[in-house]
Structure formats: structure tokens, C-alpha cells
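Asker: Each protein sequence line maps, in turn, to chains H and B. Counting along the first sequence from 1, when you hit position 79 you're at 79 in the working numbering, and nothing is skipped either side. Residues are numbered in the working numbering as their position in the second sequence, beginning at 1, plus a constant of 1000.
None of these hints come from the bench; they were simulated from the model. No residue lacks a Cβ here, since even glycine has one placed at the ideal position from N, Cα and C. Treat the hints loosely; a few may be bogus.
Here are some chain H residues the structure puts well away from chain B; computed CB gaps all over 10 Å [as the list claims (entries may be wrong)]:
| id | residue |
| --- | --- |
| 1 | TRP8 |
| 2 | ASN83 |
| 3 | PHE106 |
| 4 | VAL109 |
Examples of chain H residues toward chain B, derived with CB under 10 Å [stated by the list, open to error]:
| id | residue |
| --- | --- |
| 5 | TRP43 |
| 6 | ALA74 |
| 7 | ILE93 |
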Amino acid sequence: MWDDGAIWDGARAGELRLRACRSCGAVCHPPLPMCPHCQSLDWDTRVASGRAMLKSWLVSIRPDQAGETPRIVAVVELAEGVNFVANLIDADIATLHEGLPVALCFAEVDGEWLPQFRIGAGA
Amino acid sequence: MNPGRQPVIAGIGETEYSRESGRSELQLAAEACLAALRDAGLPAARADGLVSYTMDSSNELELQRCLGIPVLRWTGRAPFGGVGCTASIQIAAAAIAAGYAEAVLVWRALNGRSGRRYGTPEASKAVGSGGKLHYAMGFDTGAKSYAAEIQGYMRRHGVTSEDLGRYVVAARTLAASNPRAIYYDKPLTLGEHQSSRWIVEPWIRRHDCCLENDGGAALLVTSAETAGALGKPAIVLGAAAQAHGIGRRIAYDVYRTEAEIADEQAALVTELVRQSGLHPREVDVALLYDAFSPSVFTALEEFGICDVGEARHFINAGETALGGKMPVNPNGGLIGEAYVHGLNNVIEAVRQLRGSAANQVAGAQTALVTGGGALLLTRS
């Protein structure tokens, strides 16, 4: 299985499944095959709480798909302490600021279930 | 090191820069390499090394055949994109210092406009890391990646799109008087910058981006001993350094803190000083990698040319213009001259130190070149 397989399997099941090291406990994202802290190859899955904070954002226009509605790409810091890239849905770009609480949700885009976020403190 | 083995740059060569070269990338590479050999006065039969970027499409052995190099003794590729403009020179220099080769050509040639257009997701996928975790979210070009990386700096220090525009206008003014530049005789006003469309709203406008163009560039790296025998003054490679921190990614570098980036840059400066005894802020001219305009601002601060957060004031005060405290990118840089993955900026540094640049910094003796890593060049 590829190193990011759990992310896509998890998204279909409505969970954000992060890679956590069984040896030292560190969450590793984007997933690597070897733990960068202790070099362990033994991985566990940690389901993210879904709470996160907005760090950066931008409007993504795909030049090759001019008719498409632009998406907001956001870098969020998960409560688990790692950054994650996803889309921010139902948001107005003009109202965003660093540190804004955002909550995990899921959406199907181009036939693939993806982790997404919306503004709010979440569960 | 034996002083005779000191790496120097003895030749530079370029094709014209255009939107449509009308020939293969291999031909552009061969033309640029041949021009660098002729500039150095070295017969191709004496070249014995070829170094480029992993992203370059040309094949060393085909290029060797084109040029008529009888025995190729050294090859190497610098990883990723813009890092290659300094790392490829370092790879060539290492071979010279160690005696593995005597005359190494460093090249980069691309049809970045008429071929695989450089700013597209397809080109980005060849260099970026993270794969589907980014592309599935529509996070899929160099400009988007850079916008995510840089906006924290812009917010923190109040750098506005107009501040970026003032740098771009200055760069385009320099390009306008550089006959080699794509934007030769085509200056830009701040109003035109501000009305150009967003490439990545609300951070990067069209005119903040480097050019997408066709062209080839090459330099000949050899030893001080060999260059001396050629009877032409060579430019000395005072330092050539990389310093990648453990959290770094090439593109999509959004998983680490600004403090980690500052540590990485400090390590790079320390290494330049250790090798050369020269601090980058002491040079006479700086060629700062400008794939996007904000990178000039951060480089000015990271290399200690101005204080942290002060770059916009430094630029607005004209300190990066030809008569300023630190002239920056007198060729117009990658935004105004051409985008040959930064290798044209290394060539401009050589021209400045030879005293033969289109926009010459009077009496330039030392130059800084940045792009992933960094180089310090000095007149012999």
C-alpha cells in the first residue's frame, strides 16, 4: 500500500486517518515510510479529531478548466499538531484570517471523497 | 585545496530567449554549451564534464556527441527546479576541486513556453512533492504552492501587492534596457501591475510571476590553472553551498514553521562565510532567484542585506536599483530577462564581474547568486 493509502480509504469511510508512529507516537503528515523522529517502520493509524486552525489560503483556479468554480485551498493546522492541505468550503475569501477555527468534513470531488474543512469549531 | 584546483567560471553561453524557439531542447542545450566553450576559448575536445538539472530533458551522451567531447569523465544532476542554478555549479566545482574533471559544462535548456508550458499543473507535477494529497485539492501549480508558502511573511510584515508591484516595475525597467531580455524595451507601470489578473488570488498577480519562455544557458566551470593557461580572466567561485533543513520540501513547502526556514537560511549564510570569508551582505551585486516577486523580499532579509521585515522599505527607497546599496538583478531577473531556471542569473553575475553587463554595476568585484542554495563569485 502507498504511504498515503489510509487517507483515501479513511475519507471514503468519513474519517481522517493519520499515520502515527507505534514506537515514538509522533504523527507523520504527509505520510512517510519511515518515522523521521525515530526511524521506526511500525505505523499505527490515528483518527483526527477534526478540529483545526486556518494557517493560509488561496483561490485555486485551474487554467485548463476555465469553467470550473474556483476552490479555496487552505493549509490548516490539525489539533494533532501537523499541517494539512484541503479545501475550505462555504467560505468567503475576504473574511478569512490566520487562526480561524475550522472543522473537518468530507465531500466528493471529481468522483473522489476528500477531507475538506468549513469554518467553525466543530464537534 | 591546491590553489591551481580552485574552481572558476571561464565561459558563458546562451541562445536567444523567446516565446517559441522553433528547435529542440537538445539543440538549445548544444548551442548554449558551444557558445560557452567559444567564450572561454576552450576546444570542445578538452571539455570532459556535463552537469544539469534533473528536470532537463536532454541526455548527456547525446549532448556529448553534438559537442564532439571525446571522453566524458563527469556527469551530475542537481535535484528539483531552481535549486539547480546553484547546486549544478556546486556539482561541477566539486569535480574540478577533486580532479575528477578539468572542464565541466553546466547547462539548462527548455522550451518553457512553446513546449510543456512551465506554469501548468503538468509541469508542476514533475517537480513538486506530495502528489495526490495536493493535486486532488486543486493545489497543483508552482504559483499556488508559492502563494501558500509566502503569505504568512506578507501578512506579518505588511507587504502589499503594491509593494510587490514596485519591485516588479524596477525589474522591468532594468529588463527594458537589456537587449537579451524578453521584456527588452517593454517597461511596466505600477498601474499595469495592479490591474494585471490574479494568478493566485489574493497574493500573486500575473506580473509577479517569472517568464515562461524558451532558451538555453550554459557555463564552463574549470580550474584556475586551466583558465590561466587560456589567458582570459576567469571568475572565481568563492563559495557554493546548499543547506536543506530536514523539514524542507521543494514546492508545497507548507508543513514547517517560519522559524525552521530562518534556521535553514542562517545555516546557508554561515556556510557561505565559512567557505569564502565573505558575508553575502558585503557583495557589490546580488542575483536573487525571483520565480515570484516576493522571493526577492525574503532573500534580501535572509541573506542579511536588510533587516527582517524591512525589505519593502529597502526596495521602495530604491536601494536595489543600480545606484542603491545593493543592486539586485540588473538583467531584470527571471521576471524581466528570462526564466532559464536561474542559470541566466548566474551568467549575469559573471557578466557583472567581467564588467560587460547591459546594466553594469560600476566596478563590481563580488556577486551573490541565490536559488535553493547560493554562490559567491569574485573577480580573479
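Asker: Compare the structure with each hint and give your call.
Answerer: Each hint, compared with the structure:
1. With a minimum CB-CB distance of about 8 Å to chain B, TRP8 (chain H) fails to clear the 10 Å threshold, and the non-interface call is violated.
2. Under the 10 Å C-beta cut-off, the non-interface status given to ASN83 (chain H) relative to chain B is violated; the minimum distance is some 5 Å.
3. Residue placement check: PHE106 (chain H) keeps its beta carbon more than 10 Å from all beta carbons of chain B (closest about 12 Å).
4. Listed as a non-interface residue, VAL109 (chain H) fails to keep its Cβ farther than 10 Å from every Cβ of chain B; the least gap is roughly 7 Å.
5. A least Cβ separation of about 16 Å between TRP43 (chain H) and chain B goes past the 10 Å threshold, and the interface hint is therefore violated.
6. Interface restraint check for ALA74 (chain H): the shortest CB-CB distance to chain B comes to about 9 Å, inside 10 Å, so the restraint holds.
7. Among the interface hints, the one on ILE93 (chain H) holds; its C-beta lies about 7 Å from the nearest C-beta in chain B, closer than the 10 Å criterion.
Comparing the model with each earlier hint shows violations of hints 1, 2, 4 and 5; every other hint is respected.
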